[in-house]
Amino acid sequence: MIGKESTAGRAAKFTFLGLWLVFTVFPLYWITITSLKAPGDIFAFPIAYWPENFSLENYSGLFGKADFGVYLTNSLIIATVAGAVATVISMLSAYVLARFEFRTKSALLMAALVTQMIPTFIALGPLYLLMTDLKMVDNRLGLILVYIAVCIPFCTVMLRGFFENIPDALEEAAMIDGLSRFGALFRVLLPVMRPGIVAAFIFNFVNCWNELFLSVTLMNSDSNKTVPTALNGFISSFNIDWGSMSAAAVLTILPTMLLFAFASRHIVQGLTAGAVKG
Amino acid sequence: MSTASEATDPTNPTDPTGPKKAAKDTKATTATKTGAAGNGGAPPVRKVQQGRRKPEFTARRGFLIAVFMAPAAIFVAVFTYYPMIAGSQMAFRHWNLSDLTDTSWVGLQNFHDVFADPAWGTVLGNTGIWVIGSIVPQLVIGFALALWLRRRFPFRGLYQALVFFPWAISGFLIGILFRWMFNSEFGVVNDLLQKAGLINEPVAWLADPDTAMFAVLVANVWYGVTFFTIMILAALQSIPEELYEASALDGAGKVRTLFQITIPYIRVTLALTVLLRIIWIFNFPDLIFGMTGGGPNNETHIVTTWMIKITQQGDYGRASALGLVIVAGLLLFAVFFLLATREKREVRS
Numbered sequence: 001m002i003g004k005e006s007t008a009g010r011a012a013k014f015t016f017l018g019l020w021l022v023f024t025v026f027p028l029y030w031i032t033i034t035s036l037k038a039p040g041d042i043f044a045f046p047i048a049y050w051p052e053n054f055s056l057e058n059y060s061g062l063f064g065k066a067d068f069g070v071y072l073t074n075s076l077i078i079a080t081v082a083g084a085v086a087t088v089i090s091m092l093s094a095y096v097l098a099r100f101e102f103r104t105k106s107a108l109l110m111a112a113l114v115t116q117m118i119p120t121f122i123a124l125g126p127l128y129l130l131m132t133d134l135k136m137v138d139n140r141l142g143l144i145l146v147y148i149a150v151c152i153p154f155c156t157v158m159l160r161g162f163f164e165n166i167p168d169a170l171e172e173a174a175m176i177d178g179l180s181r182f183g184a185l186f187r188v189l190l191p192v193m194r195p196g197i198v199a200a201f202i203f204n205f206v207n208c209w210n211e212l213f214l215s216v217t218l219m220n221s222d223s224n225k226t227v228p229t230a231l232n233g234f235i236s237s238f239n240i241d242w243g244s245m246s247a248a249a250v251l252t253i254l255p256t257m258l259l260f261a262f263a264s265r266h267i268v269q270g271l272t273a274g275a276v277k278g
Numbered sequence: 001m002s003t004a005s006e007a008t009d010p011t012n013p014t015d016p017t018g019p020k021k022a023a024k025d026t027k028a029t030t031a032t033k034t035g036a037a038g039n040g041g042a043p044p045v046r047k048v049q050q051g052r053r054k055p056e057f058t059a060r061r062g063f064l065i066a067v068f069m070a071p072a073a074i075f076v077a078v079f080t081y082y083p084m085i086a087g088s089q090m091a092f093r094h095w096n097l098s099d100l101t102d103t104s105w106v107g108l109q110n111f112h113d114v115f116a117d118p119a120w121g122t123v124l125g126n127t128g129i130w131v132i133g134s135i136v137p138q139l140v141i142g143f144a145l146a147l148w149l150r151r152r153f154p155f156r157g158l159y160q161a162l163v164f165f166p167w168a169i170s171g172f173l174i175g176i177l178f179r180w181m182f183n184s185e186f187g188v189v190n191d192l193l194q195k196a197g198l199i200n201e202p203v204a205w206l207a208d209p210d211t212a213m214f215a216v217l218v219a220n221v222w223y224g225v226t227f228f229t230i231m232i233l234a235a236l237q238s239i240p241e242e243l244y245e246a247s248a249l250d251g252a253g254k255v256r257t258l259f260q261i262t263i264p265y266i267r268v269t270l271a272l273t274v275l276l277r278i279i280w281i282f283n284f285p286d287l288i289f290g291m292t293g294g295g296p297n298n299e300t301h302i303v304t305t306w307m308i309k310i311t312q313q314g315d316y317g318r319a320s321a322l323g324l325v326i327v328a329g330l331l332l333f334a335v336f337f338l339l340a341t342r343e344k345r346e347v348r349s
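Chains as they are written, first to last, in UniProt numbering: chain A, 1 to 278; chain B, 1 to 349.
It should be emphasised that the hints constitute simulated quantities derived from the structure, not laboratory data. Every residue, glycine too, gets a C-beta built ideally from N, C-alpha and C. Treat the hints with care, as some may be off.
[As the list claims (entries may be wrong)] Covered stretches of chain B (chain A as the covering partner; in silico rule of three or more C-beta atoms under 8 Å from a C-beta of chain A):
(1) 79-88
(2) 139-149
(3) 324-330
[Stated by the list, open to error] Covered stretches of chain A (in silico footprint by chain B; criterion: 3 or more residues with CB under 8 Å from a CB of chain B, positions within the stretch not fixed):
(4) 15-21
(5) 30-38
(6) 55-63
(7) 70-83
(8) 88-96
(9) 150-163
(10) 206-214
Start from the sequences, fold in the hints, and give me the full structure.
Quick look at the structure:
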């Protein structure tokens with residue numbers, strides 16, 4: 001082990017960890033508390049840190065006045081499908097980039113890095129025209145296709161790191177035993193890579209679930225809106241309806257947070273591999 | 001690092017040298033192995049002619065590479081690169097939603113307009129503050145958390161799950177959360193600071209040009225520390241315990257161990273994580289968009305939110321010009337950054 005810690009060192013460490021925990025969790029606590037106050041109490045003095053009366057009015061308003069259930073469903077479908085397809089496609093490209101040496105390899109990796117530098121807004125106009133030509137504006141499949149493309153570069157780089165950590169010998173043994181390369185990939189490599197794949201999928205899902213600008217541009221009708229688009233709608237007017245906003249925020253954060261909580265071990269493990277190789 | 005120690009922990013998937021070395025070795029012998037399999041009459045998938053093994057193998061290999069790369073390449077080319085390139089040519093045209101009848105070529109006029117804007121200096125300065133003011137605290141706090149989370153303590157798993165969750169929230173929504181907390185009238189930040197006696201009267205955080213950037217940075221630090229913690233924590237797990245034991249035997253203190261063992265060992269990850277984060281923070285208008293919209297008086301506008309503003313005004317030509325400036329700037333930065341860290345990386349590996 002690393003050298004023994006002094007008592008003072010330990011105290012400092014746990015004080016810092018405690019403070020950071022409070023700082024991290026407090027905004028979430030605060031938005032939740034706000035959402036559970038009756039709309040009138042949100043703007044009452046003194047500010048209540050624990051409301052006397054809990055109310056679900058903000059939440060019922062979301063499903064009554066607005067179609068928040070529809071938005072949640074849309075986001076769920078789009079993020080799940082796009083995240084899963086992007087993971088599968090990235091697995092193939094990551095496998096090749098990890099296992100083979102070829103001339104265009106560094107160019108491909110650079111191309112992946114450059115996608116991270118392109119501001120979304122430079123592509124919005126032409127993308128809209130392209131989707132119009134494909135008859136996929138205001139269409140969930142259209143947004144899914146765009147999101148898949150958004151997810152692929154980082155997902156590929158991440159999974160490549162994971163593949164590189166698995167010795168070649170594993171699949172070579174499988175191939176000598178008569179499996180094809182595909183067979184070796186799917187029956188031998190994938191089970192070993194499960195944490196990495198789960199981490200990659202969660203990253204994709206969260207990215208798609210949270211994406212705002214593309215979805216605002218491509219989805220017009222109310223029945224096709226995603227959650228971030230709906231949230232954006234709450235502030236387009238002069239004032240923010242903080243009651244609805246806070247309730248909507250809680251409902252938006254909850255699914256991804258649960259996903260993170262359940263899979264945090266997988267994420268660290270998965271990124272562990274990706275991180276080491278960059 | 002001895003081979004014996006590698007063998008003791010074969011399950012550790014994070015050891016950077018063990019599996020890598022193994023992978024390299026096997027890669028080097030792959031060709032001969034396949035050849036041997038063909039010669040020796042071991043069940044070859046396909047009958048291979050002697051002497052022509054290699055070219056055919058290469059052709060099949062090339063085919064496989066192409067097939068596996070194709071889906072990813074097509075998606076990214078069609079939905080990312082094509083729109084970007086199509087958008088780039090708008091930068092050299094008069095392209096304004098207010099008058100779409102005239103989309104003539106105007107050369108570099110749009111670029112000139114971007115740089116000639118009186119607010120450009122402010123926006124550029126803000127971008128610098130935004131990137132540096134975000135990355136430094138994120139890196140320092142993220143590093144500290146990772147060092148502490150490396151060692152077991154009660155409820156570490158729960159702590160990790162709680163501390164990591166900001167990463168799951170969208171930048172836009174984080175902007176909204178902090179906008180509500182920094183609200184001048186009903187904001188909890190003012191209330192807490194007043195209770196603590198740190199301020200006497202409410203501060204209009206987001207309306208005051210002097211405090212708005214600070215508030216936005218607090219939100220971004222809250223969000224971004226997680227990424228560094230996860231990446232560094234992951235990299236730390238690759239440092240062999242023996243190194244620490246040796247340094248403890250040599251009587252090295254904590255600080256010396258940190259700077260002479262920990263940091264040099266994870267330098268590659270550190271450099272690449274910082275590069276990726278700088279690019280992301282630069283290209284991250286979402287949080288500011290949700291929190292201040294660039295105000296007050298442009299004081300929290302960074303280049304990417306500035307681009308949104310120009311787009312919303314309908315001047316696509318100028319917005320695209322600014323977009324190209326951003327991509328070019330980031331590319332230059334990435335190249336310099338990679339060159340500057342390359343030497344060290346080669347020494348390391």
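Query raised in the report: At a Cβ distance under 8 Å, does chain A reach at least three residues of the segment 79-88 of chain B?
Result: holds (count 9)
Query - Per-stretch coverage check for the segment 70-83 of chain A, three Cβ contacts closer than 8 Å to chain B - result: violated (count 0)
Query raised in the report: Quick check: the segment 139-149 of chain B, covered by chain A? Criterion 3+ residues, Cβ under 8 Å.
Result: The restraint on the segment 139-149 of chain B holds, since 4 of its residues have a Cβ under 8 Å from chain A and three suffice.
**Report entry** chain B covers the segment 15-21 of chain A, three or more CB atoms within 8 Å, holds or violated
**Finding:** With 4 residues close enough to chain B, the hint holds.
Query raised in the report: Taking a Cβ-to-Cβ distance below 8 Å as contact, does the segment 55-63 of chain A have at least three residues touching chain B?
Result: Per the Cβ count (0), the hint is violated.
Requested in this report: Mind taking a look at whether chain B covers the segment 88-96 of chain A? Criterion is 3 or more residues with CB to CB distance under 8 Å.
Outcome: Three-residue rule met by the segment 88-96 of chain A, so holds; n is 6.
Query raised in the report: Count the residues of the segment 324-330 of chain B with a beta-carbon closer than 8 Å to any beta-carbon of chain A: does the count reach three?
Result: That given contact holds, which follows from 4 residues of the segment 324-330 of chain B lying within Cβ reach (below 8 Å) of chain A.
Query raised in the report: Per the coverage rule (Cβ-Cβ under 8 Å, at least three residues), is the segment 30-38 of chain A covered by chain B?
Result: Holds: 3 residues of the segment 30-38 of chain A have a Cβ under 8 Å from chain B.
**Report entry** Verdict on chain B covering the segment 150-163 of chain A, where coverage means 3 or more residues with a C-beta closer than 8 Å
**Finding:** holds (count 4)
Report task. Check, residue by residue, whether the segment 206-214 of chain A contains three or more positions whose beta-carbon lies closer than 8 Å to a beta-carbon of chain B, and give the verdict. Result -> holds (count 6)
When each numbered hint is compared with the structure, violations occur for hints 6 and 7.
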